[in-house]
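Colleague: For this one, chain G is given, so just place chain W on it according to the hints.
These protein sequence lines are chains G and W, in that order.
Quick note, the first sequence lines up with residues 72 to 337 if you use our numbering.
Quick note, the second sequence lines up with residues 101 to 208 if you use our numbering.
It should be emphasised that the hints constitute simulated quantities derived from the structure, not laboratory data.
Please read all numbers here as calculations on a predicted model, not as lab measurements.
Below, a sample of chain W positions facing chain G; criterion: calculated Cβ distance under 10 Å: (1) 103; (2) 108; (3) 113; (4) 114; (5) 119; (6) 122; (7) 126; (8) 127; (9) 142; (10) 148; (11) 149; (12) 151; (13) 157; (14) 188; (15) 193.
Beta carbons are placed, not taken as given, at the ideal position from N, Cα and C, and that holds for glycine.
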Amino acid sequence: MLLRLSDLDRRALRDGYRQYSPSLMAMLSWGLVTGIAMSKSVLTVPQALAMSLLVYAGSSQLAVLPLLAAKLPVWTVLLTAAMVNTRFLIFSAGLTPHFSYHPLWRRMLIGFFNGDIIYLMFMRQPFKAGFEPGKEAFFWGMAILSWLSWQVSSVVGILLGSVFPDSWGLELAGTLALIPIMVSALAGRSTVVAALVASVVAIAGYHLPYRLGLPLAVLAALAGGLGTDHLIERADLRRIRAHAATHAATHGDSAPLGRPESGGGA
Amino acid sequence: MNDAGYIWSVIVGMTLVTLITRAFFLFAGNRVNLPQRAQRALRYAPAAALAAVVVPDVLTWHDALTLSFANHQMLAAVAGLLWYLWRRSMIETIVFGMLVLTALRWWA
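Isolated chain G, as found in the complex (with noise of 0.2 Å):
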């Protein structure tokens, strides 16, 4: 396949290497965390890696470890899961006006090797929606560096792992990694509150039955997201109204255009 690339892209598939390689460091050393915490965790070796090469996404697999340990059930696990992957939702609608012109599976092979460094580096770049040469090459370039260091790393890490006695406690390490992720997924005043709902309602749920604190602190957490963004949203309304009210009262012209805060924010 290689052999069938353009000059052209093949400097865009340089180009993605060399836009990715500043962040090897970084995804290494998750891989590696998140390879030791599933040899740790209550999956096998052979499970570990399957579970490494085929789901490829780090943050769900990290957060699915404590719930196959607590036998959650399997809906529970995939809900989570999909909860923690949603921000993939938002980056595939970015991708969509890019790559529409490919054929389904073309599409679907994109979107699986998609991840958030090379989301954000491939959008920072001047692409125009549609087919543009070497576009491609250029996101593939970081897709196969972002795969190939992550699923080298979290073999190491799996083999690894077993190496060190159980009694070092290293399953931490992969919660540990999860606390980042969470902090920096906090962003504006909802986001707080969901979390703060879900861990409250976490810890109140702990002792319920089949298991149903996890989905039902998740739950509470959405429904507590949205009240606020709706309180948000009101309190903003009834500022922008005020505004304007005075303004017409001295200028006697119309409201200015108000741009209300809301509560998400990438």
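Modeller: Chain W alone, transformed into the frame defined by chain G:
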């Protein structure tokens, strides 16, 4: 379902979850239009799900909910959180949290 069957079905299911979430709009194109409210909910779902996983996990100590200083794991996670808020480095957070856990195991 035995343990192996349980784990393997999770692995297969998660593979599908990755594919569906990562390729969702690439797959659905413009046929699906997410309402504003749903788009917002998507933004706080990850933080909520991670909190719902991490908090009960670090509070579980010797198979029981332990909200006290006897829970070394909880202390190490809080230390890691504070370190991250200060330094903003994932690797340092992990190393510091593990050091705190090890120190507590030796001396506490």
